[in-house]
Amino acid sequence: MILELAVQFCEMLVVLLLAPLLAGYVRTVKARLVGRRGPPLLQPYRDLLRLLRKEVVLAHSASWFFRGAPYLVFAATWVAAALVPTFATGLLFNYAADMIAIVALLGTARFILALAGLDVGTSFGGIGSSRELMIASLAEPAMVMVVFTLSLLAGSTQLSSIAGFMQGPGVGLRVSLAMALVALVMVAIAENARIPIDNPATHLELTMVHEAMILEYSGRHLALIEAASFVKLLLYVSIIACVFAPWGIAASGQGLGAYLAGLAAYAGKLAVAGFLLALFETAIAKMRVFRYSDFLGAALMLGVLATLLLFVSRIA
Amino acid sequence: MILAGLLGCAAALLLTGAAALALHGRRLAAPVVYGVSLVATTIGLLLAGRALFSPDLPGGTLSLPIGLPWLGAHFRLDALAAFFLLVINLGGAMASLFAVGYGAHEETPGRVLPFFPAFLAGMNLVLMAADAFTFLFSWEFMSLSSWALVMAHHRRPGNAAAGYLYLLMASFGTLALLLAFGLLAGPSGGYEFAVIRQTPPGAAVSAVVLVLALIGAGSKAGLFPLHAWLPLAHPAAPTHVSALMSAVMTKVALYGFIRIVFDLLGSPAWWWGAAVSLLGGVTAVMGVLYALMQNDLKRLLAYSTVENIGIVFIGLGLSLAFQANEMQAAAALALTAALFHCFNHSVFKSLLFFGAGAVLGSTGERDMERLGGLIHRMPRTAFAFLIGAAAISALPPFNGFVSEWLMFQAILLSPNLPQWLLKFLVPTVGALLALSAALAAACFVKAFGITFLGRARSDVARDAVETDGWSITAMLVLAALCLLAGILPGYFIDALAPVIDALTGSSLPRQEQLDWLTIVPIAQSRSSYNGLLLFFFIALAASLAAEAIHRFASAAVRRSAPWDCGFPDPSPATQYTAGSLSQPIRRVFGTVLFRASEEVRLPPPGDASPAQLRVRLHDIPWDVLYAPVAGVVGFVAGRLNALQFLTIRGYLTLVFGALVALLMVLAVWQ
Amino acid sequence: MSALFDSGELVLLALLAIPALGAALLAFVQDDRKGAWLNVLVSFITFGFALGLLLERPATGPFLIVDDLNTVFVIIGTLVAFTTSVFSASYIGYELESGHLTHAHLRFYHAMYQMLMFGMNLALLSNNIGLMWVAVELATLTTVVMVGIYRTPAALEAAWKYFLLGSVGIALALFGTILVYLAARAVVGEGLDAMAWNVLVANASGFDPAFLNLAFVFLLLGYGTKVGLVPLHAWLPDAHAEGPTPISAVLSGLLLNVALFAVLRFKSIMSANPGALAPGPLMVTLGLASVVFAAFMLYRRQDIKRLFAYSSIEHMGVITFAFGMGGTLANFAGLLHMALHSLTKSAIFFCVGHIAQAKGTQRMADIRGLTVTHPQLGWSLGLGVIAIAGLPPMGLFMTEFLIITSTFARAPLLAIALGLSLLVALGALLLRLNGLAFGEPDARNEPSKASFLPIGLHLALVLVAGIWLPPALVAWFQYVAALLS
Amino acid sequence: MISSLAFDVAHLFAGSLVLVSFMLLYQDRMTGLINTFALHALVVSFSVAWQAHIQEAPHLYITAAIALGIKAVVIPVVLHRMIVRLGIHRTIEPVVGIGLTMLAGIGLIALSIMVMLPLTAQAGTLAREDLAFALSVILLGLLMMISRRNAVSQVVGFMSIENGLILAATGAKGMPLVVEISVAFSILVALIVIGIFLFRIRERFETVDIHLLHEHRGEQP
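Residue numbers (my numbering), protein chains in the order written: chain V, 1 to 316; chain G, 317 to 986; chain U, 987 to 1471; chain H, 1472 to 1692.
If you are wondering where the hints come from, they were derived from the structure by calculation, not from laboratory data.
Mixed in with the good hints there might be a few duds.
[Claimed, not checked] Quick partial rundown of chain H residues pointing at chain U, CB under 10 Å, derived from the structure: (1) Gln1625; (2) Ala1643; (3) Pro1647; (4) Phe1656.
[Unchecked claim] Going by beta-carbon spacing under 8 Å, a handful of chain G positions derived as facing chain U: (5) Phe453; (6) Leu460; (7) Leu491; (8) Val949; (9) Ala953; (10) Val971; (11) Leu979; (12) Gln986.
[Claimed, not checked] If you want the footprint, here are the derived chain H segments under chain U, 3+ residues with CB under 8 Å: (13) 1578-1590; (14) 1604-1614.
The C-beta atom is built at its ideal place from N, Cα and C for all residues, glycine as well.
From just these sequences and the hints, can you work out the full model?
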């Protein structure tokens, strides 16, 4: 019991600590791919610490909600990430939330952030929020359809059980799984404000979504929101990893060795995923705002198709 | 006896309505009436709760020698009725509590006070009625009293028309239900529910009854496309009545549907589930899209009611589909989700309408384009409204999420259904449900963000003051309920068990003894959810972060002008408006579903006049369904009207014609 | 007590004599107030004697008869006549002040009022079909005169239309009566017996069905003209609209019922004869036609009294429909519907009369926001319209529930047609109510010295009937209904 | 015991009444119309008198007398003066051509006979024939009323209906109240005539109607 609790908490810490590293890693890889040296690998940590130490500059029209939002966003995202099996499944609290609940938790974070964008009452916050809402209104259903596909297949919405099922012999190569993967990746890209939906590096106002929403934030608030977005990226990567690449992931109560092995495997997956993401981002260009709906609509359609095709492949 | 007590409450409410007439014009009238309603509904609430939670339900039947002679009025209290009585009396009590304070804003109390208790009584009676006549009588009485309340502000433009459409649709629905009961009772004319239960009708008849019930109860609940009256009528009433109509009366309509289809109609056919759940899905998505297009706060809330009704119907449809295939456990899950959502919706929709009412009372504005920044002037209202908005957007750890989560769990059982149509349909409905949930979040970001956040868009909004204590209390109680039902859903699910058991012959496993108060609808390995832990973790993480940062990093704050990329504009007009916030979503969905058209008028170069953007939305069901009917009636009336203006000779010709015709009939017949 | 006049016959004679004497007396009363209140008094005494019928029932004579059926009609009739006379007292006073009527007219009016009562009581109580015919004609003629009493061109035109159509109806009814006599003569022999209703019913089985069929066609059309069944209705709206409002109330509340009563009498003769064609289908057809037609006609009305006149056509259609469907349940519903309709519709006309006086117009376009300017009148009208539209808690909901469901069990399509057309009518009535009672009030609002006793009494009765019917009444009505089927 | 001759005579009268009804339909001059109606009334009164004779029912003579006095003499005279006063003694605008009206009339007679045929002999052949004729007279009267755009000819039509009724009533042997009824009817007719006379109802109801409709009704077509 105590051990399980310890493992659970250390997973939470791992998630929190690895997140900025992943972000920095992706940045570096991107820089290298376009032939720049890029910032050092640990730059995100430095940024966070610097921001944390700075004072907060609040607009006059900011309300208590504006000040509370970052903490809630950070907490919701972190909790969601902590509930995803990273290096081990069946942790103590994994059953507290299944995949649907995790998606919904991210929804909570987004809800709060979108409201925070509206709080100061500037036009940029509005742009960010309204675009974020449009993206979410398509991305979330797509995500839910992916969840459908997986859970119909695995007969469970628990990530641990799904991971267990995916390791087992029951799964062959299935067209619907491929579709689900593609849809999931597209959703992940949209949700994490990556190219082609959004550009985390940009400060060209009119194309911003996430950046515009948090434009008025500064100091520790900004730090928390940045941290939350790092964690979110990690979360999606972990989901993909634990569902589509469940190899080496430790089951609960296998002892310390298994956990360490799982941790190593997890780090490896993160590295691969980060590299692929960087590669993808350097390869394509950003979209116009009103093409988003096509992109995400495609994701949604893929999700639905995956769910429906599941039945075909079932009887086949 | 509990039933007698509940009837007593209804009678007391009716008398209060009568007394309100006597008290007309007194200053004391409003507090007295609302106070008595509060007491009566609270007693009703307790009695219903007692009936629901006591293991062996002392329901019993009561028949009074009133109403239809030689039939009498039959009343019965079973688990289903008890649950819905709980819901509506909770809503009624909260509305009364809110109104004790809010009633002060009422300019024509004489048009509200007599009908408010009567409305409550009518709803109570519908739930207790145990024969067709009493049911329809109370049902129509409920419609009538609520119509009177809608007409309370008849001098505002559009309200009278809204009331007209409302009562017309209500009577249409009642006619449908009347025919449904006529079919159920059969030629023998056994109108008691007990008699109807003993003689389940044939397949064809049941199908017709289902359709009639969908029309009758659906038109009252706001099922697409019979919803047209709802967003007009609900906002037209005084706000605490809007809350009742939207949050509570729609539940009575759902009760009617459940009572007829699940209880009286016998075993369902599989395609019923398909039809009902598909209708529900379409209703949910259309409702929330309509809501997103609104700028009137109360109308937005009314449309979101349509959405939630759709969600409930999805659950009911699933339950029918599962029942038709003897998958009782799954049916129980779906029905639990539906009923739990009924309860949740009644809670957070009341809360949201109260918030809208508080805003309306202190600013006199319903148009969000003229609101904003109210969080500074009305912090408590804003807080409560925020909770409600999060809950209705199905966000954990609040209650809205739990019921939708259960709904998803039920949907995920669809592969076990034998029928191919259902196999394909149910996941599609699931997609619709997910879409509506996401859109609902967007919709309520708009509702809360534009109304309470940002900068005030008008003087009234700038000078708003926090509302009175009664209203705040009502809102906070409801907010607390939203959280409680969200983090301790197990107890609520267990409370539903007798209802589900009575209707599906099965029920979910007991939840309360599971460790950490997790809820597990089917099996631990399959799916589980623990709102308590989530809430605990979020609270912990947030407070830890805050604590740590303030201690070890900086806690300094400096106020200044907004950054706004270096060009802060003092005018609030530069904020995003309600219309512009939903514009991207309108671009995505509206062009097809609303035939939305935008025309931009730019002034010629050198002209300083502002550019204009006009958006035109079409209400397609209105265009294809309601307008033609009105057109036909008008046309026929116009044509027949000529007969009013014949000459006497013309009329004599009519008589002559009739005579000759009859004589010919006679000659032929003999 | 002498054998010649036992108390029952006394009651019977009183029912006929008091109105007749009252008419004669009122013709000579100079003072208007006295006249009005004497009118009330006489009507009240008549009503009292009508109640007496419940206690003591006289033996059936060759000319007069008292049975359960006409007792129902007589009591309702005399009650409405009494309340209407109360209303008319407060109404006519205003008409005098505003100079619409002269004293001479008023005397005439009151005398005619009692004459009308006499005619209707005679028609209801007569056992002889010829006598009944004469009485109905008398009642018609008196109402014709009263419709035309304002002497405005519109009033005269309405009276004339009523008169001519009524006369043709009378002619047809007479021919039917003659045919019935001929049919009866062959069986029961010549003379009075062959026209005595109770004898006819007793021996109807032996009559020549062909005779009866032909007769019923003429009788249905003849008396149906008085009932206001489509397509014989033409006189009704104008007669209601142009006459004094008390007369509109009496027309809708009483005269239509009397004509319907005549039809019922002959219907029961018909149904007593196995060979004759069932009268049901004919009545159902005419009834449904009336409902549908009136429902649509309601939409384009601009005159408030004409509106409610058409609604009377609609409800007469419903009642005829119910009786045509037959069966105890439908007949019961029909009887109850008729009684409640008389009460409701006359109450509505009371309101309308006061409203028209207060607003100085009958054009609905010029009457707005009554609940604001005249709350009592406005809400009473609202309640009346709700009742007449068949919404609970008023009694007509119950009767329409019974009619539709009992029909639905036998002829679903008919029931649906009836239900839908009732819905159409409800739409029209509510639309008008919206305009009249709600919205921004119009400028003109003189206070009206309305007497709310009759309105309140009628509406209260209808409300109570909607919630609780006394078992005695139910049993009695059921007996009558069984008698009819 | 009544001889067959009696029947034939009664029959003759009834038949000739139908004939006169046809003549009424045929008229296209007001004066001619009124005169023909006087003839109509005359025939009726003879027929009634004959019935009184063969039924030994003296009270029927009163009916006959009324018919003779009022409808064959007084009313025609009044009408004559009236049409002169109203200046409408020229023509009577028929709605459809006379010929068509006559055809319709023949159709009506056929109809009335068809309707009467199934009557069993129980009623007695005479009654049957008589009724057929009476019914034809009534229907023809109605046809008259609706095929003339003219108040006076409508009154004439109505009175011919009444004659038909009296024919039927008197034909029905031993029927009570016949006299009363005929009296009541005569009052009715008188009232109608007075109505036209007093209220100056012009040659056409149309003009009256439309005029009133637009000005006084508060109802626009």
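The hints, checked one at a time:
Checking glutamine 1625 of chain H against chain U by beta carbon gives a least distance of about 8 Å; that is within 10 Å, so the hint holds. Checking alanine 1643 of chain H against chain U by beta carbon gives a least distance of about 5 Å; that is within 10 Å, so the hint holds. With 10 Å as the threshold, the beta carbon of proline 1647 of chain H comes within range of chain U, its nearest partner Cβ sitting at about 5 Å, so the hint holds. Interface restraint check for phenylalanine 1656 of chain H: the shortest CB-CB distance to chain U comes to about 8 Å, inside 10 Å, so the restraint holds.
Taking 8 Å as the C-beta cut-off, the interface hint given for phenylalanine 453 of chain G holds, the closest approach to chain U being about 5 Å. With a cut of 8 Å, the hint placing leucine 460 of chain G at the interface with chain U holds, because the nearest CB-to-CB distance is about 6 Å. At its closest, the beta carbon of leucine 491 of chain G sits 5 Å from a beta carbon of chain U; the interface hint therefore holds under the 8 Å criterion. Of the supplied interface hints, the one on valine 949 of chain G holds, with its beta-carbon coming within about 6 Å of a beta-carbon of chain U, less than 8 Å.
Residue-level restraint check for alanine 953 of chain G holds (minimum Cβ-Cβ distance to chain U is 4 Å; threshold 8 Å). Restraint check, valine 971 of chain G versus chain U: the minimum CB separation of about 6 Å is within 8 Å; hint holds. Look at leucine 979 of chain G: its Cβ gets to within about 6 Å of chain U, closer than 8 Å, so that hint holds up. Interface hint at glutamine 986 of chain G: satisfied, since its Cβ lies 6 Å from the closest Cβ of chain U, which is below the 8 Å cut-off.
With a threshold of 8 Å between beta carbons, the proposed coverage of the region 1578-1590 of chain H by chain U holds, since 4 of its residues qualify and at least three are required. Only residues whose C-beta sits within less than 8 Å of a C-beta in chain U count toward coverage, and the region 1604-1614 of chain H has 4 of them, enough to reach three; the restraint holds.
Violated hints for the displayed structure: none, as all numbered hints are satisfied.
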